[in-house]
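Spelled out from the first residue to the last, the chains are:
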Amino acid sequence: MSSRLRNRPGLIKRLNFSANVALYSGIAIISTLALLAIAAPLISHYDPTGQDLENTLLSPNIHHLLGTDQLGRDVMTRLLYGARIDLAIGVIAVFLPFVIGTTLGLISGWRGGWFDAILMRIVDTTIAFPFYVLAIALVFVVGAGPKAIILAISLVGWVAYCRIIRAAVLVAKELDYVHAAKLSGLPTRRILRRHVLPNVISQAIIFSMSDIVLSILAIVSLGYLGLGVPIPTAEWGSMIQEGQAYILQQWWIPTIPGVMVVITGFGLSLVGDGLVKRLNK
Amino acid sequence: MNFLFYTGKRFLQVIPALFGISVAVFLLVHAIPGDPADVILGQTSTPARAKVIHHMLGIDRPVFVQYFSFLGHLFHGSLGTSFYNNDSVTTLIAGRLSATLFLMVGGILLALLISLPLAILAASKEGALRDQAVRVVPIIGLGMPQVWIGIELILLLGLKVHLFPVSGFGDTFLQHLRSSFLPALSIAIGLSPILIRSLRAAMLEILEADFVLTAKAKGIGKSRVMISHVVRNAVIASVTVLGVNIAYLVGSTVIVERVFAIPATGSLMIDAISKRDYPIVQGVTIFFAVVVVVVNLLADLIHASLDPRVAL
Chain A
1 MSSRLRNRPG LIKRLNFSAN VALYSGIAII STLALLAIAA PLISHYDPTG
51 QDLENTLLSP NIHHLLGTDQ LGRDVMTRLL YGARIDLAIG VIAVFLPFVI
101 GTTLGLISGW RGGWFDAILM RIVDTTIAFP FYVLAIALVF VVGAGPKAII
151 LAISLVGWVA YCRIIRAAVL VAKELDYVHA AKLSGLPTRR ILRRHVLPNV
201 ISQAIIFSMS DIVLSILAIV SLGYLGLGVP IPTAEWGSMI QEGQAYILQQ
251 WWIPTIPGVM VVITGFGLSL VGDGLVKRLN K
Chain B
1 MNFLFYTGKR FLQVIPALFG ISVAVFLLVH AIPGDPADVI LGQTSTPARA
51 KVIHHMLGID RPVFVQYFSF LGHLFHGSLG TSFYNNDSVT TLIAGRLSAT
101 LFLMVGGILL ALLISLPLAI LAASKEGALR DQAVRVVPII GLGMPQVWIG
151 IELILLLGLK VHLFPVSGFG DTFLQHLRSS FLPALSIAIG LSPILIRSLR
201 AAMLEILEAD FVLTAKAKGI GKSRVMISHV VRNAVIASVT VLGVNIAYLV
251 GSTVIVERVF AIPATGSLMI DAISKRDYPI VQGVTIFFAV VVVVVNLLAD
301 LIHASLDPRV AL
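Protein chains in written order, with the working numbering: chain A, 1 to 281; chain B, 1 to 312.
Source of the hints: derived by calculation from the structure; they are not laboratory data.
One or more hints might be untrue.
Said to hold, decoys possible - Not close to chain A: a few residues of chain B, all C-beta gaps over 12 Å, as computed:
1) Ser22
2) Val23
3) Pro47
4) Leu74
5) Asp87
6) Lys160
7) Arg178
8) Asp210
9) Lys222
10) Val225
11) Thr240
As the list claims (entries may be wrong) - Below, simulated DSSO-like cross-link-like pairs (lysine-lysine); rule was C-alpha separation at most 30 Å, straight line:
12) A/Lys277 / A/Lys147
13) B/Lys216 / B/Lys125
14) B/Lys216 / B/Lys51
15) A/Lys277 / B/Lys125
16) B/Lys125 / B/Lys222
17) B/Lys275 / A/Lys147
Treat the numbers as computed from the prediction; the structure is a model and nothing was measured.
Think of the CB as a built atom: it goes at the ideal place given N, C-alpha and C, for glycine as much as any other residue.
Could you put the whole structure together from the sequences, leaning on the hints where they help?
In structure tokens:
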């Protein structure tokens, strides 16, 4: 915010309010999606992979709210079960990069020297690889499936956290409270864990929201390419791919999984933006 | 002189990255389970024949020797040969390169065409309704899968109104241009959220700079300040923003060319996966990584030559 706005307390209050609205509506969207995913078997009594070859490519009706696909599978059911796969892997895939990147960034920013120099060269090398190119190469090495996706996201994803935390640590380590902790003779580990980390972690948490979106996009894209979660498991990316052939008649089959991703991304962006305004107060 | 010094410094910084790429890809290929001789020989594989193949491929030598011979080949511009038809990987990539370039250049141009006006609109009055409206675009846009953007464009602009071909790449230059429009637009729409965010931030920074204040104080009209001072600098900023996001751009072309069945470099790689043709996978991975490093370098150098503050 520019200085003009900072001097107007009324507006600031309004911004905080809007930050909360963003945060809470984001949380509401994400929890609704998560609930739908968890409750999938309760909401739909169809089997997400169960074929019904006498009722293929049906238009939406009272039995099949979103119709059926080319193998007679209920699209709505596959959408809900797909949410389980895409949301779960999306969140799990971000966990490892978050922990590794934060730890390395903390050490690198604090210690500097050769450790920092070598780590930054590794960072340079890693960001040279376009994510999808590396992901495809990794699928080649470990075979298609969640394992390759998580491995690919982890191999690339830690870099962002590492840079964010490293930059924040470089600033924090010159601040008085850190000097004070050092002077009082606390062990480095304790300073890092109890004093530095809580003050630098917020940026990483904020970034992790958009990172989850990116990892869901990766799962969907790899699923589309046939390199993600193997069919016939219900997954948004492979649903888009399979639906592409029937786009003229059943446009909603490839469209709606994409809309689900957009809604997920929208919810997570709102949470992220809300957190930015809250934590950067 | 300063610029020369900066250029030299940037060139030296590229070396460790290139070295890292070569090591990473070499290790990646070595981590592939299974014996390449089995891939080549298929059903006809016997231990004796496998041994001959091992010797031909040079993989019976120590790992370090293999790495340095691999590095030596790279220096000569050789990325190895395909397991299937003995075509050199460099030739195969070269054959697909024009399609990739059409997509990348088209994607960049369209992305700028979308993002620059929106960023200018948003930054021209921070906090106003139009700013708020533009800021919603990235929030929604970031969550759109590239493949999905492509398919929706096929549906809306290709199949409903038959404006553009929905697959293939054509034979003549004009056909290439027409065929690559929708894929390039998909890439552009995917890239725009990032560009809009960065460009808006860059413009806001420029608007607060002293030279803009001076121009305003001199009584130059608002739109002229915007065009001749702010937008010009925003274009310089876009060079950097594009440079930073080049890896993302390359990744998008790989995905999008698949949606539109365009035979570009990414498909070469994806097709090689099912055939387990690993010199191709290795070669394309290296190629793309080197492209990213080189484009980054170029973006920095262009930025430095346009913006005198950088080299200092």
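Hint check:
no.: 1; hint: Ser22; verdict: 10 Å, violated
no.: 2; hint: Val23; verdict: 8 Å, violated
no.: 3; hint: Pro47; verdict: 25 Å, holds
no.: 4; hint: Leu74; verdict: 15 Å, holds
no.: 5; hint: Asp87; verdict: 19 Å, holds
no.: 6; hint: Lys160; verdict: 9 Å, violated
no.: 7; hint: Arg178; verdict: 20 Å, holds
no.: 8; hint: Asp210; verdict: 16 Å, holds
no.: 9; hint: Lys222; verdict: 17 Å, holds
no.: 10; hint: Val225; verdict: 17 Å, holds
no.: 11; hint: Thr240; verdict: 15 Å, holds
no.: 12; hint: A/Lys277 / A/Lys147; verdict: 35 Å, violated
no.: 13; hint: B/Lys216 / B/Lys125; verdict: 15 Å, holds
no.: 14; hint: B/Lys216 / B/Lys51; verdict: 77 Å, violated
no.: 15; hint: A/Lys277 / B/Lys125; verdict: 20 Å, holds
no.: 16; hint: B/Lys125 / B/Lys222; verdict: 12 Å, holds
no.: 17; hint: B/Lys275 / A/Lys147; verdict: 21 Å, holds
Going down the numbered hints, you'll see the structure goes against 1, 2, 6, 12, 14, while the others check out.
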